[in-house]
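Mind docking chain B on chain A? Use the hints.
These protein sequence lines are chains A and B, in that order. Counting in the numbering used here, the first sequence runs from 741 upward without gaps. Counting in the numbering used here, the second sequence runs from 741 upward without gaps.
FYI, nobody ran anything at the bench for these hints, they're computed from the structure.
Repeated chains share a single entry, so a pair holds when one copy, or any two copies, can fit it.
Quick list of in silico lysine to aspartate or glutamate cross-link-like pairs, EDC-like style, CA-CA up to 16 angstroms:
#, residue 1, residue 2
1, LYS977, GLU924
2, LYS1037, GLU1014
3, LYS891, GLU930
4, LYS1037, ASP751
5, LYS891, GLU931
Please read all numbers here as calculations on a predicted model, not as lab measurements.
Number of protein chains: 2
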Amino acid sequence: MRIALDAMGTDAAPTTEVEGAIRALNELGEDFEIVLVGDPDLIGAELARHDDAPLGRIHVEAARERVLHDDAPATVVRRKPDSSIAVGLRLHREGAVDAFISAGPTGAVMAASLFILRRLPGVERPSVGTFLPTASTPSLLLDAGTNVDCKPRHLRQFAHLGRVYMADVLGIDEPRIGLLNIGEEPGKGEERAQEAYRMLAADEGLNFVGNIEGRQVVAGACDVLVADGFVGNVLLKFYESVAQFILGLVQREQRERGLDVAFDSVLRLLDYSEYGGAPLLGVNGVTIICHGGSPPKAIRNAVRVARQAVLSGMVADMASELHDSILPETA
Amino acid sequence: MRIALDAMGTDAAPTTEVEGAIRALNELGEDFEIVLVGDPDLIGAELARHDDAPLGRIHVEAARERVLHDDAPATVVRRKPDSSIAVGLRLHREGAVDAFISAGPTGAVMAASLFILRRLPGVERPSVGTFLPTASTPSLLLDAGTNVDCKPRHLRQFAHLGRVYMADVLGIDEPRIGLLNIGEEPGKGEERAQEAYRMLAADEGLNFVGNIEGRQVVAGACDVLVADGFVGNVLLKFYESVAQFILGLVQREQRERGLDVAFDSVLRLLDYSEYGGAPLLGVNGVTIICHGGSPPKAIRNAVRVARQAVLSGMVADMASELHDSILPETA
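Chain A with its partners taken away, still in its complex shape:
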């Protein structure tokens, strides 16, 4: 197995990517290799700084351009065909690698993935999934901001994408699918939510557990939380900020009492780098998107997730599930 890693994506590229790749190769098993995509001179210089790099499992693919935050996502493949994002994704499409990881600008990675890998049949809107920490296992939020103004049928497609991801990558056999709503009863919420409820409840291929209110999210009431990307994105950003706000208040109060409190376990729970990046679900390939500020650990964990997605045959499973569940209704 080969995993392509955009070496030019993080704010500290390629230092972070090279270190993350080496950690992944040394810690996650011997059954895969990594193709670092980017400036060969910079990558080579970084590799030379590590004496534990398993060089026989590391390849470098030259890409002379780098995608920046102000590059328009929609035109990045055409305008920067030799960027690390475009080069890495073409390797994936051609079968030279089995997965692609990037910490470059999310919009550009998404748009390039759609353009180069294409959507799976039955998926109208691929979606970037994000994990929400809960009192139990983390919930996969779909959609977390990629798609606004979704139709109910898009939410049902998200549910199937999330189902396969949780089963194949996280090993949760029958993941509980919840619909973000403002009440528990089926008739609650906006029109879209009511219609989505009916579609999800009627779908025998889903373990639909019903509406999930805002207050139930952190209790871990479902494994996949389906929502329009507008409310999903508000929720996601709000979560991070409320958590930090509360921790800040607690810390101030304790300091005023002369106490110094540590929040190690809480901060670890809230640390996105533990979760290994956000998968772009619904394209014909494995794309994992990392924060631009990712530390090496986050890159390592993204490799872990990508490897598991490949080993489990996630893309083939998604294609097959969509073929059986979604396509018959759109034919």
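Then chain B, alone, in the frame of chain A:
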């Protein structure tokens, strides 16, 4: 000034209401009286238990029925015309009192207020406002779940209702109006948010500060946060649960270290009973809605808010502002 207080609303009615009323009368000034609406025998027995009740400023209005949680809100005025909610609101419409407070079922208080008090001209959807604690002063969230599937023009009406409320009741002269969205730029978000942005930005009567992302809410980036009630309600319920979740995690971690931490100031900030209930804005009167689980302090604070709304002429100010800003466009 007379304020009607539904004495049969809280889970511990009328004990809580009577105690809250007495505290309000003794603590908030001499310029108002309270009309307790409900079962006269129960209210009389409660009053007899207090030796500090200023009986000359307390009146009792008999209401023989009580609205329960499973009463359908839409028909409660017709089916229970002698309920404390219907009786209290009729007193308000007839001018016998200047405001109405209830901790009864929110839907019933809302529906009865709309039916009996009627909407102000220019308001299509009255809205229950709720306060979100922030690092600065609390933000008034409109809508917090009353109205889903709002149109952009409804959001603009919420903005004006919130503006007058914050100016008159909280004394914030030019409250900052923010639009809940998933990015800061004008073109961000769902279609409704984009159109609402244009309407709010074009409205010279509003101090519109632009889009507010989920992460900016707790920073206190605006005084009035305008949103559709679907995302508003998700946000509100999520806030309470995330805060409790984080505090629980912190507490567990400290206990494992043998530390006992207190969160007094944090809990006070998050304590809804400090905020004095949720105003129903857009009806031709002052209706304040309290939680069913309110303690006496919350009732006392609701009286404080109702009194301030009456003193400031809030309803007349709202009518006048809507007449000048909203009505010309709908004529």
